[in-house]
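Novice: Sequence:
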Amino acid sequence: LKFLFSLVFSLGATKDMGKMLGGDEEKDPDAAKKEEERQEALRQQEEERKAKYAKMEAEREVMRQGIRDKVGI
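Anchor point for the sequence shown: position 37 equals 37 in the numbering used here, and the numbering is continuous, going up by one each time.
Treat the hints as calculated values from the structure; they're not laboratory data. Keep in mind that the hints are not guaranteed to be accurate.
Across the chosen pairs, the derived CB separations fall in these ranges [stated by the list, open to error]:
hint	residue 1	residue 2	range
1	Ile67	Gln45	26 to 36 Å
2	Glu46	Val71	49 to 59 Å
3	Lys55	Lys33	50 to 60 Å
4	Asp30	Lys70	32 to 42 Å
5	Gln44	Gly66	42 to 52 Å
6	Gly66	Pro29	50 to 60 Å
7	Asp69	Arg38	25 to 35 Å
8	Gly66	Lys34	45 to 55 Å
9	Asp69	Lys34	49 to 59 Å
Quick caveat: nothing in here was measured; it's all calculated off a predicted structure. Think of the CB as a built atom: it goes at the ideal place given N, C-alpha and C, for glycine as much as any other residue.
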């Protein structure tokens, strides 16, 4: 990895090349707020997904019970 950096910088790479290669990035002043909003959106999506699948499973169980009643299990 050090070889890659030395090779790139010896070829006249700019300061921004280090960022593209995974170096330190400048900190966004709103980064914490954006990350918090992103995490909240992910939590909300996960809750909606779980509710959707819980509803689907409840509907399936009603169908299963109907079949059990018909068959007499």
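Novice: Hint by hint, say whether it matches the structure.
Specialist: Results for each hint:
no.: 1; hint: Ile67 / Gln45: 26 to 36 Å; verdict: 33 Å, holds
no.: 2; hint: Glu46 / Val71: 49 to 59 Å; verdict: 37 Å, violated
no.: 3; hint: Lys55 / Lys33: 50 to 60 Å; verdict: 33 Å, violated
no.: 4; hint: Asp30 / Lys70: 32 to 42 Å; verdict: 59 Å, violated
no.: 5; hint: Gln44 / Gly66: 42 to 52 Å; verdict: 34 Å, violated
no.: 6; hint: Gly66 / Pro29: 50 to 60 Å; verdict: 58 Å, holds
no.: 7; hint: Asp69 / Arg38: 25 to 35 Å; verdict: 47 Å, violated
no.: 8; hint: Gly66 / Lys34: 45 to 55 Å; verdict: 49 Å, holds
no.: 9; hint: Asp69 / Lys34: 49 to 59 Å; verdict: 53 Å, holds
When the structure is compared with the earlier hints, violations turn up for hints 2, 3, 4, 5 and 7 and for no others.
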